[in-house]
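With these hints in hand, go ahead and build the complete structure from the sequences.
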Amino acid sequence: MDVIFILLPISFCLGLLGLIAYLWSVKSGQLEDLDTPSLRMLADDPKVIGQVQDENTKLQ
Amino acid sequence: MQENLNTEENQFNLKCQHCGIDCKQQFCCTGCEFIYKMINSSGLEHFYELRDSFIKKDRKVAQPTQVSYQHFDQAEFIQRYVKIDSKGYKNVEFYLEGVHCAGCLWLLEKLPQILQGVVQARLNFERAIIKITFDQVKLSQIASMLDAFGYPAHPLNQQKEIQAKEEKMALLRLGVAGLCAANTMMFAVSLYQGQFTGIESKYALYLRYLSFFVSLPAFLFSAQPFFKGAFQSLKLKQLHIDLPIVFGLLLGFFASSFNTFMGREHIYFDSLTALIFLLLAARWVQTKSVKRALDLSNLLYSITPKFANLYKQGQIQKVLIETLQIGNLVQVKAGEIIPVDGLLKSESANLDLSVLSGESRAVKVSFNQDVYAGSLSIGQQILVEVRKTGQETRIAELLSAAQDQSSKRAPIIEQASKISVYFVSFVLVLAAAVGIYYLPQGLFVALDNILALLVVTCPCALALATPLSFTLASAKAAKRGIYIKGTQVIEALTQVGKVFFDKTGTLTEGKLKVVDSFVIGDQGYIYDLVSQLEINNHPLALALSEHCAEFKDSQKDKLVNINYIVGKGVTAESFDGHSFKIGSLSFHSELKIEASAKDFLNKAFSLQLSPVILAKDKQLLAIFALGDKLRVEAKQIVAELEKSGKEVVILSGDRKEIVLSIAAQLGIKEFYAECSPEEKLKIISSQKLKSAMIGDGVNDAAALRASHVGIGVHGGAQMCLEVADVFICQPGLGPIKELFEGSQRTMSVVRTNFVFSLFYNVIGGSMAILGLVNPLIAALLMPVSSLTVLIFALKSKTFKGD
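Chains as they are written, first to last, in my numbering: chain A, 1 to 60; chain B, 1001 to 1802.
Some clues are possibly wrong.
Residues on chain A that point at chain B, a partial pick, calculated with CB under 8 Å [to be verified]:
1. 5
2. 15
3. 31
For lysine-lysine, the following DSS-like pairs were computed, each having C-alpha atoms within a straight-line distance of at most 25 Å [stated by the list, open to error]:
4. B:1568 - B:1598
5. B:1688 - B:1646
6. B:1087 - A:27
7. B:1598 - A:27
8. A:27 - B:1165
9. B:1288 - B:1797
10. A:27 - B:1797
11. B:1288 - A:27
Derived by calculation from the structure, the hints in this document are not laboratory data. Each residue gets a CB set at the ideal place from its N, CA and C atoms; glycine is no exception.
Below you can see the structure in the form of structure tokens.
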């Protein structure tokens, strides 16, 4: 069980990675608007053949 | 094909094809018709499937204004509002009117598809701010397109950079605290397990040291706000809940560290870091809800018109107000607000000064007389020579005087903070007693028990009670259009003893209406004449044409040569040679008025109503009595306020007779009339009882600031909303009553939560004194107490949601 001497710090470092990801999302302003993404997701684009493609639309 | 289907349906449903409100035709207005056609021609009919999801009730429906946005292309404008991002694209942010449903969100983010040159459009739905990334297209084209879809665009004042940084720091601290709390809890659980099943001392020692190191970031970084708060509290000798918290944190942490290095068992790192995390989370949620209210008032404030029509050599040019020089000539169209202080360079003008003085009647100004920024030009286009701009105008001075008040105002201390001092002293005494009692059993035993006592009595639940209750209450209030700008405001509202009403717009409807009429002959014929005669922006004309609206297009007798005479009335002729005149009593000097009409006139005068007389060929046809009607619910609400123990007072800039009449109708005993903004301020400042001021004009701003609670109401001058503690976006007095009652209910929830948290502290403290507390018990007590407070706050009735 002596292995936990190494495992515990490693698990903490994994948590640290999570924190870094969180920091990145805070810095890039993702947490500024928490309400709009939930509405945005509900708007499916209807199936249209030959629709113009860009970053905002998904061609289904 | 879809269009035909819809038309068929419509004959039975009678709803506007575009916005969905009930109407008699396919479209409720040309605006909706225009937008409908735009949407269909762009292939975006999917909008109508999304339209009704998640409608915001307090938003206006989208309407195009067809305003020209040419001035958006000016160099100064671009320099101010357009930023270049790292990829070389241009970025701009607009506040949009009319955003009210998920369909709007979908539609607006499709802008790249609609307008060539727009790369991306991201809408923040809650704040109605759209961020547009673009390249080869003109700003005016973007704004015009947005307007065409029904979302008039306004440029935004840049958000303060410092605020954004502070928010990010807060989130950072929260994240670090969360990581530390989770990990120390993980280590602690192993240790608790060890208490039951046995654990080798080398592992236990290791876990304790790890707990110590992992809690360091939480303690040194995340907990900083609490230390700062406690330090401020000591420095200013002001009470704050941070004091006992810091007390518990410091002693708990040092004692736990001491135990760790001494190889002893009792450490409390998990409870302490969890405490830090919980409190930071509660504060962040609270800050967000306050921010929502502040945000909205800032937004509304920032969209006040920044442009003026510069008149140079016969040409009109739209320029930023800041670029105006003294001596420039500015053209102000009918119904527009004068943007500067200056001299009138037209022959005469009819101005509405209500924003400045509270006077609800139009004031006539002659050539070369002073006019002030903020006044509205009724009925005609005028020229003004610029004398003072920006911060030097009278309106700006009024506002800064109002803002000065804020620094002198004593902050309202939360109930929780008041309790904190007694709390700390009591716990200290108790801790000393515990120490002395257990000393005979050994120094370490005594220390352990003192530590247990301090951690267990740390006021977690107490500190959570107010932020949680406030956050939930203000969210509910916001749904009703009541925006509260701070925690202490709710408490302050319950302390108010006197309520001051500004007359116009709060107790009354705020605009002139036809209260009564006296008619000789065919009513339909007369109303038709009135509709034809009264087609301008004068409040009297608006009231009359609204009253006679049904007969607008019947035109039995078509009138020509319609002549508008400033300050007097309107004359016209009909095809068959009859002459018509409508206007004030003085306009009809040669008219003969018979007895019954005279009675009507006298009655009108006694009720402080303005009579407007219609005559045909110098014969009396009708008399209309116009006035500012009292709101239907006014009498009831004034009575209810008084029943709840508050005195109701009128504080108005309007004429004595009018205020007297209204006070009499409502049964109000104390009232002030013809008050200048300075007088209003003086009256409020000299009050002995805590007072709330309700107002809507800049003339109320200083008084609003000076009062215990300042309430700005619907339709108020934007600057007024900036200065108030609460602002209400719905018209009517109902929200005001709800504001007071809701605050009362919220405070009782807060108090009950205090009782709960004190209860837990008593139990925990007693157990600690008896030597029964160990880290496990402390770790259990804290979440239980916090959950109780949270669940109770969630379940309670504070503000009525609808």
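Hint by hint, here is what the structure shows:
no.: 1; hint: 5; in the structure: holds (6 Å)
no.: 2; hint: 15; in the structure: holds (5 Å)
no.: 3; hint: 31; in the structure: holds (6 Å)
no.: 4; hint: B:1568 - B:1598; in the structure: holds (20 Å)
no.: 5; hint: B:1688 - B:1646; in the structure: holds (13 Å)
no.: 6; hint: B:1087 - A:27; in the structure: holds (18 Å)
no.: 7; hint: B:1598 - A:27; in the structure: violated (75 Å)
no.: 8; hint: A:27 - B:1165; in the structure: holds (9 Å)
no.: 9; hint: B:1288 - B:1797; in the structure: holds (21 Å)
no.: 10; hint: A:27 - B:1797; in the structure: violated (37 Å)
no.: 11; hint: B:1288 - A:27; in the structure: holds (17 Å)
The structure is inconsistent with the numbered hints 7, 10, although it conforms to all the rest.
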